[in-house]
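Number of protein chains: 2
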Amino acid sequence: MKKTCVGTCLINELHRRGVRHVFGIPGDYILGFYDLLARSALQHVGTTSEGTAGFAADAYARVRGLGAACVTYCVGGFNLMNATAEAYAEKSPLVIISGAPGIKEREKDPLLHHRVREFTTQKEIFEKITVASVLLDDPETAPAQIRRVLNAAETHKRPVYIELPRDMTLREVRPVSTATGSDHPSSDRGALAEALSESLEMINQSRHPVILADVEMHRFGLQHALVTLAEKTNIPVAATFLGKSVFSEVHPLYLGVYEGALGHEEVREAVEDSDCLLMLGCFLTDINMGIGTSKLDLGNTLYATSEKIMVRHHRYDGILLEDFIHGLLRARLRKRPMPDILHPNHNGTLPFQASRRITTQRLFALINDRLQDDTVVIADVGDSLFGAVDLKIHRRTEFFSPAYYTSMGFGVPAALGAQLARPALRPLVLVGDGAFQMTGMELSTIAHRKLNPIVIVLDNQGYGTERFIQDGPFNDIPRWAYHEVTKVFGAGKGFAVCTEGDFVQAFQAAEAERHQFSLINVLLEKTDRSTAMDRFAKRLSRNAKTPKTR
Amino acid sequence: MKKTCVGTCLINELHRRGVRHVFGIPGDYILGFYDLLARSALQHVGTTSEGTAGFAADAYARVRGLGAACVTYCVGGFNLMNATAEAYAEKSPLVIISGAPGIKEREKDPLLHHRVREFTTQKEIFEKITVASVLLDDPETAPAQIRRVLNAAETHKRPVYIELPRDMTLREVRPVSTATGSDHPSSDRGALAEALSESLEMINQSRHPVILADVEMHRFGLQHALVTLAEKTNIPVAATFLGKSVFSEVHPLYLGVYEGALGHEEVREAVEDSDCLLMLGCFLTDINMGIGTSKLDLGNTLYATSEKIMVRHHRYDGILLEDFIHGLLRARLRKRPMPDILHPNHNGTLPFQASRRITTQRLFALINDRLQDDTVVIADVGDSLFGAVDLKIHRRTEFFSPAYYTSMGFGVPAALGAQLARPALRPLVLVGDGAFQMTGMELSTIAHRKLNPIVIVLDNQGYGTERFIQDGPFNDIPRWAYHEVTKVFGAGKGFAVCTEGDFVQAFQAAEAERHQFSLINVLLEKTDRSTAMDRFAKRLSRNAKTPKTR
Chain H
66 MKKTCVGTCL INELHRRGVR HVFGIPGDYI LGFYDLLARS ALQHVGTTSE
116 GTAGFAADAY ARVRGLGAAC VTYCVGGFNL MNATAEAYAE KSPLVIISGA
166 PGIKEREKDP LLHHRVREFT TQKEIFEKIT VASVLLDDPE TAPAQIRRVL
216 NAAETHKRPV YIELPRDMTL REVRPVSTAT GSDHPSSDRG ALAEALSESL
266 EMINQSRHPV ILADVEMHRF GLQHALVTLA EKTNIPVAAT FLGKSVFSEV
316 HPLYLGVYEG ALGHEEVREA VEDSDCLLML GCFLTDINMG IGTSKLDLGN
366 TLYATSEKIM VRHHRYDGIL LEDFIHGLLR ARLRKRPMPD ILHPNHNGTL
416 PFQASRRITT QRLFALINDR LQDDTVVIAD VGDSLFGAVD LKIHRRTEFF
466 SPAYYTSMGF GVPAALGAQL ARPALRPLVL VGDGAFQMTG MELSTIAHRK
516 LNPIVIVLDN QGYGTERFIQ DGPFNDIPRW AYHEVTKVFG AGKGFAVCTE
566 GDFVQAFQAA EAERHQFSLI NVLLEKTDRS TAMDRFAKRL SRNAKTPKTR
Chain B
66 MKKTCVGTCL INELHRRGVR HVFGIPGDYI LGFYDLLARS ALQHVGTTSE
116 GTAGFAADAY ARVRGLGAAC VTYCVGGFNL MNATAEAYAE KSPLVIISGA
166 PGIKEREKDP LLHHRVREFT TQKEIFEKIT VASVLLDDPE TAPAQIRRVL
216 NAAETHKRPV YIELPRDMTL REVRPVSTAT GSDHPSSDRG ALAEALSESL
266 EMINQSRHPV ILADVEMHRF GLQHALVTLA EKTNIPVAAT FLGKSVFSEV
316 HPLYLGVYEG ALGHEEVREA VEDSDCLLML GCFLTDINMG IGTSKLDLGN
366 TLYATSEKIM VRHHRYDGIL LEDFIHGLLR ARLRKRPMPD ILHPNHNGTL
416 PFQASRRITT QRLFALINDR LQDDTVVIAD VGDSLFGAVD LKIHRRTEFF
466 SPAYYTSMGF GVPAALGAQL ARPALRPLVL VGDGAFQMTG MELSTIAHRK
516 LNPIVIVLDN QGYGTERFIQ DGPFNDIPRW AYHEVTKVFG AGKGFAVCTE
566 GDFVQAFQAA EAERHQFSLI NVLLEKTDRS TAMDRFAKRL SRNAKTPKTR
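Line order of the protein sequences matches chains H and B. Read in order, the letters of the first sequence correspond to residues 66 to 615 in the numbering used here. Read in order, the letters of the second sequence correspond to residues 66 to 615 in the numbering used here.
Read the hints as simulated data drawn from the structure, not as lab findings. Honestly, I wouldn't trust all of these hints.
No copy labels: a pair is met if it fits in one copy or bridges any two.
[To be verified] Dumping the calculated DMTMM-like pairs for lysine to aspartate or glutamate here, alpha-carbon to alpha-carbon at most 25 Å:
#1 K373 <-> D174
#2 K591 <-> D388
#3 K603 <-> D438
#4 K591 <-> D536
#5 K173 <-> E337
#6 K515 <-> E549
#7 K360 <-> E334
#8 K603 <-> E205
#9 K558 <-> E387
#10 K591 <-> D253
#11 K591 <-> E192
#12 K193 <-> E183
#13 K373 <-> D439
None of these values were measured; they are calculated from a predicted model.
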């Protein structure tokens, strides 16, 4: 086997696991590794900042199963904290690679540039928001350590941290076999058999079983199994907000997005009245559960995630989610008659009128009519997310959003990551004005790479969600001519629209623009919002209010 | 005394200590506090992102003695990590205020939006890069805790972290006296007397004493004392890179910036040949010490910082820097004859030629001729920093840069913070193209507030410093028409210049523009650099190279 070095070993391991792009910004402690990258089969994708590199790599990881961001020590690493936290919260296997001062350089404890406190401070901090981490300070153990950490990312679908001291990058390592498998975890067979037998009985005896599917079904590659399970049994499927599009939204067994009492009544009823609710890969987050408005009875629930399996009120440990789901597929579940599912039109019945001032609600209705099979919808937070709930996503997991962590600024950089991860997809980005001001200039990289997302900026002149919780001058932001960013990049097509007619025209022009991005700046009234946002903000507002006195 | 609540108590304490502006972005966990802010004597300054709020607040703290950034939980807090790390590394008293889920809400350990791991995770992380932190979970102790934490920021000139659960914001607190002082630390009198007596003897017996002043003299408000000390004794003063402008650069006793063998020979000689070097408030960082090229003999050195006092090879603890400096002022130091200091022209002797293609070296020479008394120079990193070393700053501390932590992107947001902190100053921002792409859109807030900095973008098409260390395609970045950002904001004056004549004309126009920002996009050759950068990058490059084999 060919001799290699620590840096190349890391590159090879990433490549073997499907990574083809690494996002980030160079700096002197990581330049040696960047040099190796430039001569490898991985492509470096330079971004405008480390923060956006993190979001792009997170989206890439969601689409492709693993994503990587690579930066320099501290000044780079700390800018990745928010994206890493997001990946932790929403289970995305993001690999953080940080350069660092050489082990030799650290000996006399000098104040090297970028250092903050101790040389170990950055690693200690990342340990708190990753599932595994390593300082590659020994070429002897580096190959095994790299493998351990990357395995952890893939097993837990959560971020990991790799610190590469610059004097280790080119250190020779012993050739290692590329075989894997031995360290792949397995289920407790007894527990699995018992849980499956109980579940089988519970499902078969129920009259109105319903599946509530969430994002882990996507992360663990179980979407096809989910379709098979539904079709084998004719059990209808609802999705959570975070899991939206994990099951095709045009499938005849699809119920809709469940959001407790904040969502649509027919979905709430089906889920909450079910006598056997299969919650598959679900996160019980506040937003998923309709901000405290969901009423689920554990006594009627099968709850299966990568962390535990619960049958009604009792818990099984040591069962892998994938083994449980595949076990259900093999079990003798009875096939029911095709259910009769109502799909009311939630996008309103207002007919198109070219000269009408555009509203958020109408904007989503118009977008909905124009979704294509190759569209991946990426929603930033606020009304971009809440309003997007009624978009009908055609295929599986063509909707991405940070619907639990809800960090502003995910949208545009995520489009970069998603389209590089799967070039056949065309991103449609929904992003508020506030979020665009945070990270929208990442369109620079999108322009440079001639990617062609359509970015729709919902300009309601400030932090719209917050206006409904507690308004004040702090929710206003300066208005930008967002469509003019094309002048800064010398690329892209910009549109500013006020009416339905303008929007449709701009959207058609954007669709025809195959070799560059388009940005449609939708000028909304300051207090305009979707009906979904209205429900959410009212409820969030209740929780935000605090009593004045003890 | 008037009854008050936890939030107002925090606002009052900040106000009492001189804070008038709070930078940040609202979010639902902090909205209650924002509402109090809006009705207080503090002004909220909304920024485009939390990261830039952090840089602005850091600069504000450097100018004013205390600065604050206020954000929501996790999605806001983690975006402040890099600025907080910078403030820690370079001793800036930055106060981080983060909203958080209410204490009551945490009871059943729910997955509330923005949560990452444990509810305590964010605080545990900030503990690692701050000198004090608190979770305000008890109205009884909140006033004392707020005071303790803010005292720590002012005493150590380092960042602190305050977490405010939203259900605590309006909780009533007992009135507290506004008296302070009792918790102000004091020096060990015996140690102080002994150290001063030793120092007095050492200085008076020396033949060529020299002061090397660094940034702590600024942070601890000792600049006036420094001038008095120099003028009382006629001891010449050099500054470090990080401390540049701590002593007026047009003062007859000023030697120049010391950078080991990387700086100017006459300064190196004066400092290194001194038989009594007074290193006052110095950080021994790699950049300050000329990347390992400095040759200082501890046996000839008095080293005084806020952390320790060293007289030659022995150390004193328990002495406050300010007590030591004021002690020296009172001591019977002998006055020497006025030294004869050479001030060669380091900006070159090339005459202005309008049609000549502009270079970095000439750019700095032309800027140097145009510095005003009210100019505060803010240098981002790279050649913006290295090249700025020969700018002659007129008054005291009108030069700010992250010359130790060296995070890209400090420049533009720092101009916002600095000009709000002291409106009489007019910032001149030197920023590279890479750094501008990170945070330059913060000009939005500058435009909105009608501030008038002059921003000079040194566009050399990529990460210039790194090109000299290890070049590759990763150092190239897409070119922006930086001067066109004015079209996005609908404000500001933009210029693109190629020649010396264009630059001078644009600079004059910018100077005349008193009510909005100006941006001068200086189009440089890709490989152009200042001579200072050349020396630094060569040396940094040596350290970055690592041997290929064991």
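Hint-by-hint comparison with the structure:
Taking the shortest Cα distances, K373 and D174 sit within 25 Å of each other only across copies (17 Å), while inside one copy they are farther apart (45 Å). For a Cα distance limit of 25 Å, the shortest separation of K591 from D388 qualifies neither inside one copy, at 50 Å, nor across copies, at 56 Å. When the C-alpha separation of K603 and D438 is checked against a cutoff of 25 Å, the pair qualifies neither within a copy, at 34 Å, nor between copies, at 53 Å. For the identical chains of this complex, K591 and D536 are intra-copy neighbours only, at 12 Å inside a copy versus 48 Å across copies, given an alpha-carbon limit of 25 Å.
Only between protomers do K173 and E337 lie at most 25 Å apart by alpha-carbon distance; the minimum there is 22 Å, versus 63 Å within a single protomer. Taking identical chains as interchangeable, the C-alpha atoms of K515 and E549 lie at most 25 Å apart whether they share a chain (18 Å) or sit on different chains (21 Å). When the C-alpha separation of K360 and E334 is checked against a cutoff of 25 Å, the pair qualifies only within one copy, where the shortest distance is 10 Å, while the shortest distance between copies is 78 Å. When the C-alpha separation of K603 and E205 is checked against a cutoff of 25 Å, the pair qualifies neither within a copy, at 58 Å, nor between copies, at 32 Å.
In this homomeric assembly, K558 and E387 never come within 25 Å of each other (Cα to Cα): the closest approach is 44 Å inside a single copy and 59 Å across copies. Taking CA atoms no more than 25 Å apart as the test, K591 paired with D253 passes in neither setting, with 56 Å inside one copy and 61 Å between copies. Neither within a single protomer nor between protomers do K591 and E192 lie at most 25 Å apart by alpha-carbon distance, with minima of 42 Å and 39 Å respectively. Both within a single protomer and between protomers do K193 and E183 lie at most 25 Å apart by alpha-carbon distance, with minima of 16 Å and 9 Å respectively.
Taking CA atoms no more than 25 Å apart as the test, K373 paired with D439 passes in neither setting, with 35 Å inside one copy and 64 Å between copies.
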